[in-house]
Every structure is written in structure tokens, then in C-alpha cells.
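Enquirer: Could you put together the complete structure from these sequences and hints?
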Amino acid sequence: MKTNAGRFFEDFVLGETIRHATPRTVTSADAALYTALYGARFAVQSSDAFARAAGYPQSPLDDWLVFHVVFGKTVPDISLNAVANLGYADGRFLKSVFPGETLSAVSEVIGLKESSNRQTGVVYVRSTGFDSGGEAVLTYCRWVLVRKRDPAAVARAEHVPDLPKAVGAADLGGAVPRIDGAAYDLALAGSPHRFGDYAAGEKIDHLDGMTVEEAEHQLATRLYQNTAKVHFDQHAAKDSRFGRRLIYGGHVISLARALSFNGLANAFHVAAINGGRHVAPVFAGDTVYAWSEVLDTAEVPGRSDFGALRLRTVATKNQPCGAYPHKTGEGYDAAVILDLDYWALMPR
Amino acid sequence: MKTNAGRFFEDFVLGETIRHATPRTVTSADAALYTALYGARFAVQSSDAFARAAGYPQSPLDDWLVFHVVFGKTVPDISLNAVANLGYADGRFLKSVFPGETLSAVSEVIGLKESSNRQTGVVYVRSTGFDSGGEAVLTYCRWVLVRKRDPAAVARAEHVPDLPKAVGAADLGGAVPRIDGAAYDLALAGSPHRFGDYAAGEKIDHLDGMTVEEAEHQLATRLYQNTAKVHFDQHAAKDSRFGRRLIYGGHVISLARALSFNGLANAFHVAAINGGRHVAPVFAGDTVYAWSEVLDTAEVPGRSDFGALRLRTVATKNQPCGAYPHKTGEGYDAAVILDLDYWALMPR
Amino acid sequence: MKTNAGRFFEDFVLGETIRHATPRTVTSADAALYTALYGARFAVQSSDAFARAAGYPQSPLDDWLVFHVVFGKTVPDISLNAVANLGYADGRFLKSVFPGETLSAVSEVIGLKESSNRQTGVVYVRSTGFDSGGEAVLTYCRWVLVRKRDPAAVARAEHVPDLPKAVGAADLGGAVPRIDGAAYDLALAGSPHRFGDYAAGEKIDHLDGMTVEEAEHQLATRLYQNTAKVHFDQHAAKDSRFGRRLIYGGHVISLARALSFNGLANAFHVAAINGGRHVAPVFAGDTVYAWSEVLDTAEVPGRSDFGALRLRTVATKNQPCGAYPHKTGEGYDAAVILDLDYWALMPR
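One line per chain: the protein sequences are A, B and C, in this order.
Under the numbering used here, the first residue of the first sequence carries the number 1, and numbering increases by one thereafter.
Under the numbering used here, the first residue of the second sequence carries the number 349, and numbering increases by one thereafter.
Under the numbering used here, the first residue of the third sequence carries the number 697, and numbering increases by one thereafter.
Keep in mind the hints are simulated off the structure, nothing from the lab.
For each residue, glycine too, the CB sits at the ideal point set by N, CA and C.
Careful: at least some of the hints might be erroneous.
Taking lysine to any residue and the SDA-like style, the derived pairs with C-alpha atoms no more than 25 Å apart in a straight line are [claimed, not checked]: (1) K95(A) with A236(A); (2) K861(C) with G796(C); (3) K791(C) with G971(C); (4) K698(C) with K350(B); (5) K844(C) with L884(C); (6) K698(C) with Y672(B); (7) K1023(C) with R312(A); (8) K934(C) with E641(B); (9) K899(C) with A5(A); (10) K350(B) with A200(A); (11) K577(B) with A236(A); (12) K551(B) with N700(C); (13) K809(C) with F704(C).
One-sided excerpt, in silico: chain B residues whose CB lies under 10 Å from chain C [said to hold, decoys possible]: (14) Y386; (15) G544; (16) A548; (17) I552; (18) A606; (19) F631.
Expert: Shown next, in the form of C-alpha cells:
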């Protein structure tokens, strides 16, 4: 068999390292496409001149673009037969990625747990993206519910990894040069609010909404060379539970991040992913809104140039976020599609 | 309040200068996306080799792409609460923009006039785009009808600027190097017709039509970091007057310009905008056609290498332009969506 | 008349050479857009680092992207009034094209044959793409059925060229540097199967499906500056035989090629086109699947670094390819949309 139908739960081996296929050279074209897909306006990623003034050699690629490219490589080996993407933990952006860099990815199987019905199992992986010099640019854990090929197959080992609830402040900002706060132009950046202007508990409605089209999420997901069938094949989807193509969860993350500019314009870098949940499926035609809560603020040891905001960004579909919809007594508000917990950096 | 809900009429101050957010480095990727969005075929902008032979150091970015990027920056400060974009005047392309350049924008409030119903007012601005060296690349005036936050608010000042009906011939072509007419290859450019072959009064039906999709105008408008809500939010639009997302007027201008290649292939540079009106809204699914009339021809002082055509390009929706639809006794023909008056240059 | 309404059958002259308009500089942005449009994952074209290790100076542009750009230039002169694109023969990729290169195209009319009903005629052309140094990068023959302007017009000459059924193995691979098989990393390339692992008669179902949206094929076809009206104008199309815009046949070829990665991941270069037929029209909303048969395997004289697979790739719409649908007693299976015969190279 020369084709890849994807791994099933019983194909994964605890401790195994998987080198993923198709390294990809990312360029300024990926940055432009990313702007066209999400309308991001963070100045460090938009302007080489602004980035240079702030301390970078040039604009780095958007952090989530790097995430999506690395994530995309893992799909054919990890999640082609996934039923659901369950969660993320301990994600850290380790090194800036600039146009011209070639990214590749490796995953280690760090946990396996068969479901009680024996039809599926949860696979835990730590995936790491590398640049062409072999340095890690991003690492994160995720766990996915994967089908078994044969329900009778016996799981070889069972292990649930102990993952941190949040990345510690000392582990933030390694990807960031020393930021020159005096040269960081707040007017050009789009907001006068620096790190010190935000406080834990503060909630921000990002106001704007963005409707997603089939062509858009398909273009994005292919750009990331993410091959999950559920995003692309309407002929198969018409007979599925939803009857429609599902939008890649990362597309929603990037929309929410772009919307969050309105209120968090100086959050110039996503430094870490503490956790995240794709609460409900999103389909073409849905309009995405978002709001954020500052969960915590932290100083980063040795870095007087910026501070870190721990943010929960919640995205909804077809419901503006003036009421900050999140959980209700019974679970999530019906409009919620994404609940993301991450650290972002802001100049001090 | 850390979010930007946009300025209302009473927030503008006559004479005020507004530095707009998010400088943007434009690259060859913007040029490629522009080609993908409109199918432009003007040889100077399409081929570095052709541009070099003609006299440029390399292909400059399309003039309207530069306009859209500069325009996009002004939206969050000027027209987020605009009811309508009323007009343009005295637009001049001052300097070629090449890939790698970073663009930023500044607007000056040059006029204010409250509407008689006191619900809205007209804001006149002169917006100027700058390169990273601080040189102006484009300047233009536009006026927009903006909502008042509070109808009872008293306008601080009232002034209607005196704007020129057309840019003078002496002000054209500053962005253009000396064009080598002998090296300008008419076959590669796609037409044997030079400046001298056009005469005032001549009408040209550009023949082709282009249907617009939601994903296309959204990609374009985000590429320009234009954040006007009416283009992106179907959830909000469904309860609006039209029930649909409106397509950015600049998207229609670029479609009309690309269509105008068929008949004006050697109009290699848009040098100035005399005036323009978005006559009717355009929605996804509409097919755009265009025709042009040569309003005037002019020699440019000191420039024997090219001449200037003053053109009216009219775009329609869902109606081919063989009959040159424009105004009727009662106003515009129902099919007309754009009426644009500009100067374009052609080799002599 | 300054506009181009396209040539009719009687406008073509046997032996005539047509230099096509609008040279185009292709860049890494075209490569990124190509990835976004088709999701291609061939490592040589995706990663500069991989390409360098294999023997290239950097990633070359995808072979079909080069084909589409060259093809697009020929459309305004050759096929604007085409009823159908009938076939291809003797297509050879002669030189790698790298980002920054400027492509132009020339066609020679090599055959003319009026249809018996005298309403149309078949025009045979050999089209060749050149780089800015004047070297040929691609050459191919195609024949199209073109309308006559005047059925009474007398054809000036009639000649049906003798075209080869297939390109010979000795004519393959001129565009390819010496491939370093030891440095060609099969894990990164996505498959352990080299040239020697494939045998004539082998059939491969590429498994995955891809649904096409209007915005996608329009973006692609405009990127190639292909101006054929049938792809873009829904207002005109609504009254046509199909009532819809037709998708450019080359878009389907690129989708099939991208899908073929799953089973042919090491087929790193399309070296030649033996023949091809667009069997049935494809519309937005259709889901494209593909399968391939190895028609032949060949060693290339003087090249021990790779071998050549002669492949038939068949694409279908809205029907997975597990049953390898192709011809039935009466012609093609109703689901077949493309039948392409080409040579691809694989490391040995």
C-alpha cells in the first residue's frame, strides 16, 4: 500500500518519535496571505520598519502562522483519523521565524489511553517545529481522540502524561529580542495602552465580527498543508453528522487573534499556549466574534522591556460578545466555539 | 475603553492631523495577490524585465494597490462610522512604490459640514501615504458622511474646502522614470496603440465581465487592512438595509482598472484621481463590466516620453457596456456602480 | 477597434508565429498561492532546504504553475473564442523556473482543420515559454476547436500535424540537476517508495477529495492571467449551455497532481505531457478525486539518479476512485473529468 490512510489508535507506540513529512520554506508571501485571510494588524508583524525600530531584524512571521504550519505537518501522521482535537498544553514559542526559514516538525507520543468503549483512544503528542538550523521554534502538546482500526486490538501501553496547567512566566519571551520601548511608536501600533494599563479580571469585547467563507478556510488550511479530510471534501461531508465541511480550529484561533487587535493592539507576541478547547464546530457562513479576559499579569524574570498578560480569548459564532459569553451552569454558552488560554507580551 | 468604536462627526477637529496605525511592508506577495484578485495584465506591473526595459528599476506595485493600502489605514480613524463615501478629489501618485517598501498614512481634517438633519455630517480629509524614508507616495482628498454620536452635539467649526475639479497636467507623472519608448515592446504590452492613437471623446467598451465572490472581496479588503465592518460581518449585515455585506468600493475600482486593459493596455500608470463616485452598492454574485471615455488628452510639461489621457471609467453590474451606460435624465443608469475620473499615462 | 475580441478560426495562418502579451515575473508568492490553492506537498517544491540537499539551488516553482502561466499568456490570442480545448501532446519541461524569473510565451500555428459543418475549425499550436534570458522552459502542443467569424470564410490552408503519442525517455529530465539520492530524505518527502518500487500496470487510488469553490478557481485562473471569459462571467454564463462558470481545466490538473501526492510522494518532477483530455466540465461545488495507473517505467539515458514513470492520472468529480473509473464500453465513465498521460520522475 503506497497511500497513507492515516494511523489508528493501535498504531501509536508510547515514546515513539515521528518525523513528519514535507518541510516548508515560509516567506513574506505567507505573511501576506495571512493578512489577507485574517486582516491581522499587529504592527511588529506588519511592518519591517516598525519591527526594526522595536528591536527585531525585520518582521517575524505571525506566531499562529508558525503554529499552523507546524501543526499541518503533524496531521497526516497524528490526526488523519481523529474524531476530535481535545486539547493543547505547554505550548511555547521559542524562536522568531523570519521569511525564508524552512520549518519541519517532529512529534513524540507522550501518552495513550484507550476509551472505555474500546472504539477509540486518546493519543497525546508533543510536537516541535524546527528551523533549518535544527533549532526548535515552537513546541506544544496536544491530545486527540483517534479511531481504532480494530476494536478488539489491545492497547500496548497506557499512560496519561502530567501536563502543566499553564506555562510559567520564566518560560516566556525567549523568542523576543530586547524591545526598545522608546522607539515602539504607540500611535503607529494603534493603541496607547501598554502592559501596565491592563489588570487581571479586565474583560474586553473585541467588537468586530468576521464571516468565514468556504474558499477562505480551504485556502488557509491548504497553505498550512494540513490534509485533514473534514475540511475539504463536501462530497464525503454531506453524509456526515454535520453534513458540511468543518473549519480547521486553527483558522478560528487566527480570526480571534486578529479580532483581538481591537483592545489588545500592543500584545505584539503570543508567547505561550496554556490550554485551548475547540468548543463547537464552525461552518462557512458563520460570523466569528471574540472577547478576552485578562486572567493574570506577570513580569518576566530578566525582562524589563515587556510584561506578560495571561489571556482567555473566547470566540463565538453569530453572537456579538458584549455580554462576554462563556460558561453557563451546564457547560458552555451555545454560541461559544473557542476557549483559548495563552500568554501574550506587551511593552512596558 | 481600550477598543476603538470609531470616531463620530463631532469627534473631528478642523485642521487636526491624524497619524494612522499599522504601517505595512508591501512585497511581491501583495503584487501576486493583486494579480490573483483582479487579473491585471499591465506589463510594467507584471514583469520586472519589461519594467526595466521601459526605465523602471523593477516592477512598481500597482497604483491602486498602493491606494488601497493607504486608504485602509485611514478607515479605523476616519470612516468606521461612515454612512457613505461621498467623493474623491486631487489624488496624485507621487512616487513609485516597490516591493519591500513600508507604507504609513496620515490624514488632515480639511473640512467639516453638519447635515441639515443634524444626524450626520460630512468630513473632508486629505490623506497622504508615506514610504519608510518619509517621502509622500500618494495624496488624495476624500469626503465621507459620518454619523453623529449625539444629534444635539454642536459642530465646532464648519468649512467646506475648495477642491480642484481636476489635477493639472503639470502635476502628472512625478512617480515615473524617463520611459524608453523604443524599448517599450508593444507586442508584449498587448496593444499597438500609443498615446497619439487616442482622442478626446473616444469611447471604449472593455468587453469582459468579472463576477465577484464574497471570499474574494474579503481577502482583498483584509489584505489592505481595511476594517470597515460592512464588508465582513454577515451576521450584522443581515439586519441592515441591504441584508448583505457591501463590497469595498476600491475593489470595484481595481476590477474596472483590470478590465480596462482590453482597450487601454498601454495606460501603464494611473497618475491622478480627479474625482470618483461609488454610484451604487455591489454585492457578491454581481458581475462587473466597464467602459471608458477619453475626456481629454494632455502633454505633460517637460515629458516627451509619455502623454496623459484623462479618462472616465464607468463600471456597471450585471450589464455589459456596449451601450456605454452612464447618466440618464434622472441621474445614473440603474446598472452603473462606479464613475471614476482620472489621468492615466501612455508612452508616446 | 482597440479591444481584443479574440481571433476566429479564419484569422489563423499556418506557420504564423504569435508573440503573446504580458510577460510575468513569478515569485515565491506564486509558489505560496499555489500551495494555498491546491495544498501541494511535494518536498522539492515546498522546501528550499530539501531542494538544496537534493541538488537544486533552491525550490523550483511547481511544473504545473509554470505551465499555467505560459498557457495563460496564449489564451487572448489562441483560445478566447474556443469552443473546447481538445488535447495536448509533446509537452516537455525543459528548464527549472525559480522565483524571480520572468516568463513570456510564443506560439506557432502548426495545424488548421476546418470542421465539416464549417462553423468551427481546429487550430493546432505549439506554445513555448521562455525565461528572461530567452531560454525555453516549457514547450507543448495543444489543439482547440475555435469558432469561425463567418461560416462562409474559406480556410486558407489545411494541415493536421503529426504529433507523437508520447515523449521519448531520452527527452526527459533536462530541467533536473543531478539528484543526490543519499541526501534525498524519504521521511521528509513523505514516502519510502522510490522509482524501483513502482511497476507498469500498478494502480493507485489517491484517496482524498477536494471540493472547488468559485473564488478558488477564479483566483487561480487570474493568477495565471488567463482571460477566458467562461471562467469569470456568471452574468453571461447564466444563459449558456451549462448555466454556470466553467472551471479552467488546468485547475483540475493541479488538483489531481496535488492529490496524487498520496501514493506518488516522490514523483518530484513532471517531466513531460504525453497527452491529456478534459473529459467533462467541472463546476464550483464539485469534489475532485483522482487515481493513477503506472503505464510504463523507463530509465533515462545518462541519468542513474532518477527513473521515469509514465502515468495516467484520472480525475473524477463527486465519486471516489476506489474502483479506478476510466472508460466504459461507450466512452468515459460519467464521473471522469480528466484523463492525463504524463511522465514524472522519481529518485532511484
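Enquirer: Indicate, hint by hint, whether the structure satisfies it.
Expert: Hints and how they fare:
Proposed proximity of K95(A) and A236(A) is contradicted: the alpha carbons are some 39 Å apart, above 25 Å. Only pairs whose Cα atoms come within 25 Å are accepted, and K861(C) paired with G796(C) is rejected, the gap being roughly 34 Å. Restraint check for K791(C) and G971(C): satisfied, since their Cα atoms lie roughly 20 Å apart, inside the 25 Å limit. Proposed proximity of K698(C) and K350(B) is contradicted: the alpha carbons are some 55 Å apart, above 25 Å.
As the CA atoms of K844(C) and L884(C) are separated by approximately 52 Å, the hinted pair breaks the 25 Å bound. Among the hinted pairs, K698(C) with Y672(B) is consistent with the structure: their alpha-carbon atoms are about 15 Å apart, no more than 25 Å. Of the supplied pair hints, the one linking K1023(C) and R312(A) is violated, its CA atoms being roughly 56 Å apart against a limit of 25 Å. Between K934(C) and E641(B), the direct Cα distance comes to roughly 29 Å. Violation of the 25 Å bound is thereby established for this hinted pair.
Between K899(C) and A5(A) the alpha-carbon distance is near 16 Å, which keeps this suggested pair within the 25 Å criterion. Distance restraint check for K350(B) and A200(A): the Cα-Cα separation of roughly 15 Å lies within the 25 Å cut-off, and the hinted pair is therefore satisfied. Of the supplied pair hints, the one linking K577(B) and A236(A) is violated, its CA atoms being roughly 34 Å apart against a limit of 25 Å. Only pairs whose Cα atoms come within 25 Å are accepted, and K551(B) paired with N700(C) is accepted, the gap being roughly 15 Å.
Using a Cα cut-off of 25 Å, the hinted pair K809(C) and F704(C) holds, with the two alpha carbons roughly 13 Å apart. Among the interface hints, the one on Y386(B) holds; its C-beta lies about 7 Å from the nearest C-beta in chain C, closer than the 10 Å criterion. The interface hint given for G544(B) is violated, since its Cβ lies 13 Å from the closest Cβ of chain C, which is over the 10 Å cut-off. Because the smallest distance between the Cβ of A548(B) and any Cβ of chain C comes to about 15 Å, over 10 Å, the interface hint for this residue is violated.
Using the Cβ-Cβ criterion of 10 Å, the hint placing I552(B) at the interface with chain C is satisfied: the shortest such distance is roughly 6 Å. A least Cβ separation of about 8 Å between A606(B) and chain C falls short of the 10 Å threshold, and the interface hint therefore holds. Taking 10 Å as the C-beta contact cut-off toward chain C, the hint placing F631(B) at the interface is violated, the least distance being around 13 Å.
Hints 1, 2, 4, 5, 7, 8, 11, 15, 16 and 19 from the earlier list are contradicted by this structure; the remaining hints agree with it.
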